[in-house]
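These are the residues of each chain, in order.
Number of protein chains: 2
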Amino acid sequence: MPKPLHFSAFTMITPGADGAWRDPENTRDYLSLSYWQQQARVIEAAGFDAMFFADILGVFETRESGIELSVRDAHVFPLADPFVLVSALAAVTEKLGFVVTASTTYEPPFLLARRFSTLDHLTDGRIGWNIVTSYLDSAAANFGLREQVDHTERYVRADEYIDVVEKLWLRSWDDEALRKDATSGVYADPAHVHPIDHSGKYFSVRGPHSLEPSPQRKPVFFQATASATGLSFAARHAEAVYTQGGSITQLRDVIERLRTASEEAGRSAPKVFAGVNIAVGRTGSEARAKAERAHQFKSEESALAWNGIDIRQYPRDTLLSALQTFGTTRPLRSVDGRLDVTIQEYIDYSRTRRSPLSAVGTPDEVVDRLIELRDEAGLDGFSISADGRPGLYEDFAEYLTPVLRERGLLAETADQPTRLRDRIRADEIALQS
Amino acid sequence: MPKPLHFSAFTMITPGADGAWRDPENTRDYLSLSYWQQQARVIEAAGFDAMFFADILGVFETRESGIELSVRDAHVFPLADPFVLVSALAAVTEKLGFVVTASTTYEPPFLLARRFSTLDHLTDGRIGWNIVTSYLDSAAANFGLREQVDHTERYVRADEYIDVVEKLWLRSWDDEALRKDATSGVYADPAHVHPIDHSGKYFSVRGPHSLEPSPQRKPVFFQATASATGLSFAARHAEAVYTQGGSITQLRDVIERLRTASEEAGRSAPKVFAGVNIAVGRTGSEARAKAERAHQFKSEESALAWNGIDIRQYPRDTLLSALQTFGTTRPLRSVDGRLDVTIQEYIDYSRTRRSPLSAVGTPDEVVDRLIELRDEAGLDGFSISADGRPGLYEDFAEYLTPVLRERGLLAETADQPTRLRDRIRADEIALQS
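Chains as they are written, first to last, in my numbering: chain A, 1 to 433; chain B, 434 to 866.
Just chain A, with the same shape it has in the complex:
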């Protein structure tokens, strides 16, 4: 059997990616339970491993007009809390995983540990945690800080945070603690439930953990960063890495660095999911029409606002240098790995969710392209967003899932393990056994 492909559905609880709420075909009702339950059912039927809920705790601002563009264009704003949505989705699915973004900078570790344990129990082990350290000044200002904690310190703090929550998840309740012995009246054996007595530089947490061990004991650790500090953190802790943006060459480089760093840390490398823009149709031209339609409702200014620049304030010919001076330059390099991009190329790239990878065509063409991308970059799977592409998951389930299954690249849902960790590492487990 060929190496299976993995898929994760990337989303945020927003009205739609940037201008997508303007699309007349958009049926996204982002504050309705039934909308999300229907999405979860489709995504499960399409054979995805998980829904991945990204999140930020601030608003994207520009130097020139503050939060104006974000508010006007619904650019990652408003944005709801993914933690409290998951149980309703778990109730209408059987095997789909749910990855929730939460910050080591702003959530108290004791509460976060209990929240994830509760969800891991309620979902029968289908929960993952996208670990972020939060990077927006506008988020810091919501938590009593004048500006964000320094990048390096955020990761030092995050290391201690992980230490605390892992103590709660893994070391507070021994395997033999739970007795549930109605006759003797012992629910749990006090000799096997321990305080963690953590006392460190940033946190002091006594414990014990509030909950008995959950199916996975801890959520599957996801991480999404490309900085050197971030990669080193991922190598130490992550089980899966989500990466958005970057050419094949850049992806190979990231994966290689992750592999080396993981080896040094004595761990097996995290699985890598990369963002890809998919459009599929019965014919190539139908697919291309869908691809071109995508993101057409996103304004140029909101597409670029995440760089911190309000492009309305700059003549077109000075924009690239403004972005290089005031914006983040990393994404400029991401367009095919080149630095000499034109502003139009950069706008196009920003509009399509900032991934230069795409797979557009008939079902067979898309699957071929996915295999090619996977093999060239050394990926494990793909992160696919339907924000700005209404109907994409429905298309996936209708056109791609049958082909993927026929070719042995995707297991039937009934044959998938329930626990997210087992599912994501299923090929390794198969190799071991």
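Computed Cβ-Cβ distance ranges for the label pairs, DEER-style: (1) A:Asp197 / B:Ser465: 30 to 40 Å; (2) A:Pro417 / B:Arg840: 53 to 63 Å; (3) A:Ser227 / B:Ser467: 35 to 45 Å; (4) B:Gln777 / A:Lys180: 22 to 32 Å.
Selected chain B positions facing chain A (Cβ under 10 Å, derived; list incomplete): (5) Pro448; (6) Ser465; (7) Leu512; (8) Pro515; (9) Val525; (10) Phe543; (11) Thr551; (12) Gly577; (13) His642; (14) Leu644.
Hints are computed from structural coordinates only; laboratory data are not their basis. Backbone N, C-alpha and C fix where the C-beta goes; we use that ideal spot for every residue, glycine too.
We have chain A already, so just place chain B on it with the hints.
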């Protein structure tokens, strides 16, 4: 039409009240979504306004044996997070409200405000917040504090906390902010979405609030305390007060003080729900058998452990004085308002969830008794716990709901408003219109 009765279902996400998990008739599967969904359906069918999820963030300890009794007897431990359960219950009910306990001492206000707004949207306005300031040293130790913040300071901090979250809920988005104008591309009008720029003694939060206004804008504020500081806080902020324990005389006193304090604060008095022990059957003897059966699986030592005393360490005849010396004395006074209780009376009282009020008998007898209690104490409704009384909500729906509806004391679910605030204040609204 007579003044309607209100009912709230009191629970915690635990294996069962103290020893209740030992009861062979207990079907409580406290970490299963389907168990809670079934409970929510029964509670809605019984005509209750809300499910009330109590919570603590530590473990009850005794001076003599620490957490041993809590761990062994599953005494309010383990205990899961109610926030992440609610959406699954909202998905299978239409009108039932959900009150989640959250602490002003440990949850960051910006995150909490977004969490409740998300839930208020997802539930169509059925969410309430039981505001607690958290009082356990064992909780403080989980958040980096050596002991709890001083009682008075906790409430000063809580006042500022309420100020912050109310600014986010009520003043950050104007009523006219939301435009959703696809043609012009204006989702929200930037002129009507404001940072809150809060900068106080305890909190500094810039905003804006992450979410557009939810159906209720803010959760219904519940509070549960009997201390003078707590009552004064409730009079300033609460819309409903939950009180457990206390004789009729004590309840009348609490309600009178609340009324006076509310008047002074220029607010209408919060609705008061009191805990009552219910047992109902086709015949009086069937009901009495159920009442006697309740809590029989709770050990004496765990029933009293919440006082901070391990009674195994004291000869029976010194126990009362040990409780008076080392334990909290308030509950001693609660048994009928007397101080001269025997230790057996106190144990019995502690075993039955510490409420001296009960209504036991045939359906008509129970309803008569509830009206009597309501009128004597000046209550608005009752808080009813089925923990330790398996099948109580089913009994309620079968025996009491039809009688209550026949007598005009309970509206049909279809006639109830959806929003929790409208529902709890329905009689006022009816009076006004």
